[in-house]
Amino acid sequence: MFSGLMLNTWIAATIVAAIAGVMGFFAVLRGQSFAAHAIPNGAFAGAAGAGLLGFNVIWGLAVFAIGGALGIGALGRRARQDVVTALVLVLMLGLGALFLSFSTEYAEVTYSLLFGEVFGVASNVLLPIAALGAVSVAVIAVIYRPLLLASALPDVADAQGVSTRRMELCFLIVMALATSMTVPVVGALLMFALMIGPAAAARSFTKRPAHAIALAIGIALATVWIGIAVSYHTNWPLGFFVGVIAAGFFLLGQGWTAVRRFGSARRAAPALG
Amino acid sequence: MGHIFSYIVEPGLLSSGPVRTALLVGTVVAVTSGVVGVFTVIRGQSFAGHSLADVATTGGAGAFLVGLNQFWGFLLAGVAGAAIMELIGVQRRRGRDVATGVVLGAALGAAALFLYLGTQTSSTTGASFTILFGSMFVISPDTVPALIASGVVALVVIAVLSRVLLLTSLSPELAAARGVPVRAVGIAYLAALAVAVSLSAVVIGAVLSTALLIGPAATALRVTKRPTRAMAAATLIGTVATWLGILLAYDSYYWPPHGHGWSVSFFVVALVVLGYLLSYVRRPRRDRRSQVAAQAREEEPACSPA
Chain A
1 MFSGLMLNTW
11 IAATIVAAIA
21 GVMGFFAVLR
31 GQSFAAHAIP
41 NGAFAGAAGA
51 GLLGFNVIWG
61 LAVFAIGGAL
71 GIGALGRRAR
81 QDVVTALVLV
91 LMLGLGALFL
101 SFSTEYAEVT
111 YSLLFGEVFG
121 VASNVLLPIA
131 ALGAVSVAVI
141 AVIYRPLLLA
151 SALPDVADAQ
161 GVSTRRMELC
171 FLIVMALATS
181 MTVPVVGALL
191 MFALMIGPAA
201 AARSFTKRPA
211 HAIALAIGIA
221 LATVWIGIAV
231 SYHTNWPLGF
241 FVGVIAAGFF
251 LLGQGWTAVR
261 RFGSARRAAP
271 ALG
Chain B
1 MGHIFSYIVE
11 PGLLSSGPVR
21 TALLVGTVVA
31 VTSGVVGVFT
41 VIRGQSFAGH
51 SLADVATTGG
61 AGAFLVGLNQ
71 FWGFLLAGVA
81 GAAIMELIGV
91 QRRRGRDVAT
101 GVVLGAALGA
111 AALFLYLGTQ
121 TSSTTGASFT
131 ILFGSMFVIS
141 PDTVPALIAS
151 GVVALVVIAV
161 LSRVLLLTSL
171 SPELAAARGV
181 PVRAVGIAYL
191 AALAVAVSLS
201 AVVIGAVLST
211 ALLIGPAATA
221 LRVTKRPTRA
231 MAAATLIGTV
241 ATWLGILLAY
251 DSYYWPPHGH
261 GWSVSFFVVA
271 LVVLGYLLSY
281 VRRPRRDRRS
291 QVAAQAREEE
301 PACSPA
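Top to bottom, those sequences are chains A and B. When the count follows this note's numbering, it moves up by one through the first sequence with no breaks and lands on 273 for the last residue. When the count follows this note's numbering, it moves up by one through the second sequence with no breaks and lands on 306 for the last residue.
To be clear, the hints were calculated from the coordinates, so they are not data collected in a lab. Be aware that a few hints might be false.
Some chain A residues flagged as far from chain B (calculated, every beta-carbon gap over 12 Å) [unchecked claim]:
1) TRP10
2) ALA36
3) GLY54
4) ASN56
5) VAL63
6) PHE205
7) THR206
8) LEU221
9) ALA222
Partial list, derived from the structure: chain A residues whose beta carbon lies under 10 Å from chain B [as the list claims (entries may be wrong)]:
10) VAL28
11) GLN32
12) ALA38
13) LEU126
14) ALA199
15) VAL242
16) GLN254
17) GLY255
Chain A is faced by these chain B residues, among others (derived, beta-carbon under 7 Å) [claimed, not checked]:
18) ILE42
19) SER46
20) ALA184
21) GLY186
For each residue, glycine too, the CB sits at the ideal point set by N, CA and C.
So that you can see chain A by itself, here it is in the shape it has in the complex:
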């Protein structure tokens, strides 16, 4: 389970989970789950296009992911963001459908790009993933305070001279960079499940941002590690286990919130009476 190619799988999945934890925390905090879904999903179309034209898949992913982020950021100024996100997403996916209909080997390519090819990670992919992941996390670390302020209290941020628009665009582009690297490994759909579930769960256990980010990374790691182990033994796709385990952690978080609320209500009751 830990030999040869499988070792690459463990390393790649660990890097991806760490990135997903950080990105997911901000995506959940900002209420941008839809963008977190749209960017990796749309980027998949770029991979299909690159495959058709004979470029490296990474370039297609990067161009479409960043293009999508810019499109959502630019059009989102003038209309409701959920509408714009939906339209940018379907435009990219429509192009993807077109590219795939030209290519001859679409079924397999589609499946692996959407659902990942985590059990066949080549060694030469690891370094770029690690490098790009490090760059993304570093950018987030640099803009951490203004980004946090713009995400949690947009009005205060505006008053303090932090441009919420610029922060949003920065965040979307970093997410695009991060996902363009991770999509070939875990797939467009998994990247999303790994971003939202753990981060949402982490936020119901702690209110402090730094703790929540650490916990989100931890939960994402646990999700992906358990997923790989079970998937290795059952031979079922990793995507299934990641989706289900992430949802399980979310429900655990919801349960914890409910229990705590019930507990504090009971503690408060005698004081009132």
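Here the structure of chain A is known, so what remains is to put chain B in place on it, guided by the hints.
Structure of chain B alone, referenced to chain A:
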């Protein structure tokens, strides 16, 4: 003139069986999606609409696995997904996109499993592509009555509920104060949304059905403020986009690369997005939220009991 017409509309277009089916079903889908889409955009539930489509994918993959018609899979999973989303609270503004996202993530995981098991048990490899991106020209005539019937059911639900639905969309508190069962209305609306999404999933594919749901409705709401007119406009835009898409796809067999048609879904999506972008040209910058608020004020006297 006739010559130009026959050059644009390939001879034999309207006498081809699959094309006629595609035109018919495409129209039903455009009408249903247009009407339901207006409420989706007003309620700010584009993400829920898109997620339901992806959840429907899971059903489509499951149906493929057990050998059922895809449409029933889409429909069943869509309605079930709508019920789960309602249960964990998509109606609340706060945290609802996270709830939607978690359901979506789990459903996609299940889709991965079903597609994987599907490729293990059968040699057909194109299934995932058909489920995800649809194929308008291969709709079997047997399913057409079922498609039309579900579209009509969704439209009737929306027509009956339209007034209360509008009120609950614009001001849930006011609706609750007037004794409207906000939650029940929300569930009925989500069910209609699931039907609309399943229909368009059959036609242009699950991942692209959002285009017909959101695109025409968002465009229409930029052009007109009144919900009824917006519904009519959305229906019209959706129908035109679908028909033009079919026409272009049919023509594209003569475009490069030779002997290979372009995807219908691509044309429909491109036309829908183009229409939305054109609405910016017509009317520069106007805040949608203030439009909806103005609409609420306009509607107010009509709804009030006095």
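**Asked** Does the nearest C-beta of chain B fall within a distance shorter than 10 Å of the C-beta of GLN32 (chain A)?
**Response** holds, 8 Å
**Request:** Classify the label on VAL63 (chain A) as holds or violated, using whether its beta-carbon is more than 12 Å from each beta-carbon of chain B.
**Result:** VAL63 (chain A) is indeed farther than 12 Å from all Cβ atoms of chain B, at 18 Å.
**Restraint outcome when GLN254 (chain A) is required to lie within 10 Å of chain B by C-beta distance** = Holds: closest Cβ of chain B sits about 8 Å from GLN254 (chain A), inside 10 Å.
**Request:** Return the status of the interface hint for SER46 (chain B): holds when the least beta-carbon distance to chain A is below 7 Å, violated otherwise.
**Result:** holds, 4 Å
**Asked** Are all C-beta atoms of chain B more than 12 Å from that of GLY54 (chain A)?
**Response** holds, 14 Å
**Request:** Taking the shortest Cβ-to-Cβ distance between ASN56 (chain A) and chain B, state whether it exceeds 12 Å.
**Result:** holds, 22 Å
**Closest C-beta approach of LEU126 (chain A) to chain B relative to 10 Å, hint status** = Result: violated, 23 Å to nearest chain B Cβ.
**Prompt:** Is the Cβ of ALA36 (chain A) more than 12 Å away from each Cβ in chain B?
**Reply:** Incorrect as stated: the minimum Cβ-Cβ distance to chain B is 7 Å, not above 12 Å.
**Message:** Given ALA199 (chain A) as an interface hint, is its Cβ closer than 10 Å to any Cβ of chain B?
**Reply:** Holds: closest Cβ of chain B sits about 8 Å from ALA199 (chain A), inside 10 Å.
**Prompt:** Regarding the assertion that PHE205 (chain A) does not contact chain B, is the least Cβ-Cβ distance greater than 12 Å?
**Reply:** holds, 14 Å
**Item:** No chain B beta carbon within 12 Å of THR206 (chain A)'s
**Value:** At about 16 Å from chain B, THR206 (chain A) clears the 12 Å cut-off, so the statement holds.
**Request:** Under 10 Å, Cβ to Cβ, is where ALA38 (chain A) needs to be relative to chain B, so tell me if that hint holds or is violated.
**Result:** Hint on ALA38 (chain A): holds, closest Cβ of chain B at ~8 Å, below 10 Å.
Violated hints, in rising order: 2, 13, 17, 18, 20, 21; the structure is consistent with all others.
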